[in-house]
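S.K.: When we follow our numbering, the leftmost residue of the sequence shown carries the number 18, and every step to the right adds one.
If you are wondering where the hints come from, they were derived from the structure by calculation, not from laboratory data. Each residue gets a CB set at the ideal place from its N, CA and C atoms; glycine is no exception. Keep in mind that a hint or two might mislead.
[As the list claims (entries may be wrong)] Each computed DSS-like pair below joins lysine-lysine, with the alpha-carbon atoms no more than 25 Å apart:
1. Lys261 / Lys245
2. Lys302 / Lys261
3. Lys280 / Lys302
[Claimed, not checked] Label pairs and their computed distance ranges (CB to CB):
4. Arg234 / Glu255: 41 to 49 Å
5. Trp279 / Ser147: 53 to 61 Å
6. Leu324 / Val97: 55 to 63 Å
7. Pro309 / Glu72: 52 to 60 Å
8. Ser60 / Met323: 23 to 31 Å
9. Thr276 / Gly186: 24 to 32 Å
10. Arg183 / Leu308: 41 to 49 Å
11. Thr48 / Arg183: 24 to 32 Å
12. Thr276 / Ser69: 22 to 30 Å
13. Ala180 / Trp279: 41 to 49 Å
14. Lys148 / Gly252: 49 to 57 Å
15. Pro309 / Val97: 27 to 35 Å
16. Ser60 / Asn122: 35 to 43 Å
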Amino acid sequence: MTPVISIIMPCYNGARHLAQGVASVQAQTRTDWQLVIVDDGSSDDSWAVMQSLAEAEPRIVPVRQDNAGAAAARNHGLKVASGRLIAFLDADDTWHTDFLALMSNALAGREDTALAYCGWQNVGLGREGSKPFVPPEYEGPGKTEALLGGCRWPIHGAMLGAAAIRLHGDFDTALSSCMDYDLWLRLGCRLTLVRVPEVLAFYHFHDGEQITKNRSRIAFNHLRAQRKFLAANPGVEEQLGTEKVRALTDGELLHRAYTSYWKGDLATARPLFRAVMASRYGSAKDWLYMLPALLPLPLHRLLLRMLRTRSAPDSPR
18 MTPVISIIMP CYNGARHLAQ GVASVQAQTR TDWQLVIVDD GSSDDSWAVM QSLAEAEPRI
78 VPVRQDNAGA AAARNHGLKV ASGRLIAFLD ADDTWHTDFL ALMSNALAGR EDTALAYCGW
138 QNVGLGREGS KPFVPPEYEG PGKTEALLGG CRWPIHGAML GAAAIRLHGD FDTALSSCMD
198 YDLWLRLGCR LTLVRVPEVL AFYHFHDGEQ ITKNRSRIAF NHLRAQRKFL AANPGVEEQL
258 GTEKVRALTD GELLHRAYTS YWKGDLATAR PLFRAVMASR YGSAKDWLYM LPALLPLPLH
318 RLLLRMLRTR SAPDSPR
């Protein structure tokens, strides 16, 4: 039987998570799926685990490539996929049992012209922000601004037609993170967005290697994706205005720098501050915070300690 839905699952050294991720697919109430698992040059037992899972489940298609990153792995999976609908699930994440059914129902009759997105929840390691979240309605006059402003749903919180990806482009292998944001930004502005107001996708934090742990890399790749989109769509700046576009791009980078700065993460904040200064963005007050990022790191830390000491209340006598 030809599957209706192809699920692309990249895997790099995810042997200990694979069974859970695959079980999440096998538990789906909709059963006409194909799971393409791409081993991205793992050095652990991922390939052996994939083969074992495939032997027990004929709907699983394991494929292998030299290590080239998540974007290349997903593109490889797309070439193998035979379903007319596409969804993505990383090896260490899971879905609600009704994910495939509800998302495909939302696309019924417009599989090649629409993109469905749903709510999600971050779980594991006691991280903040673990409450379930259902995103708002993005289809409307402010859609482009909303999508340019940030990644509005995770990689495993969407479904769309295979034809739409083949028409508008797949994952950018030049990005080491934010490749999902780049894809949703490009496709979301061209396709009708369909909101499924249910929490159906679950992102699992764990103690292994995850792209989302490198905050500075994410921030710079986010900006690269934005600039790439703006270069390909020059009418967007005219539509939104230069000031708004700068707030969404350089302003977002500055916001991420401040977030790291106030958490005491100077290693992340400093290169972001320097990039914002290079773009000549920010108020005079912002520059007072940013300029010390030009100092050597030990001097920057010493300056902060001095400022905090001066601003601390007098000790009791």
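S.K.: What hint numbers does the structure not satisfy?
M.R.: 4, 5, 8, 12, 14, 15
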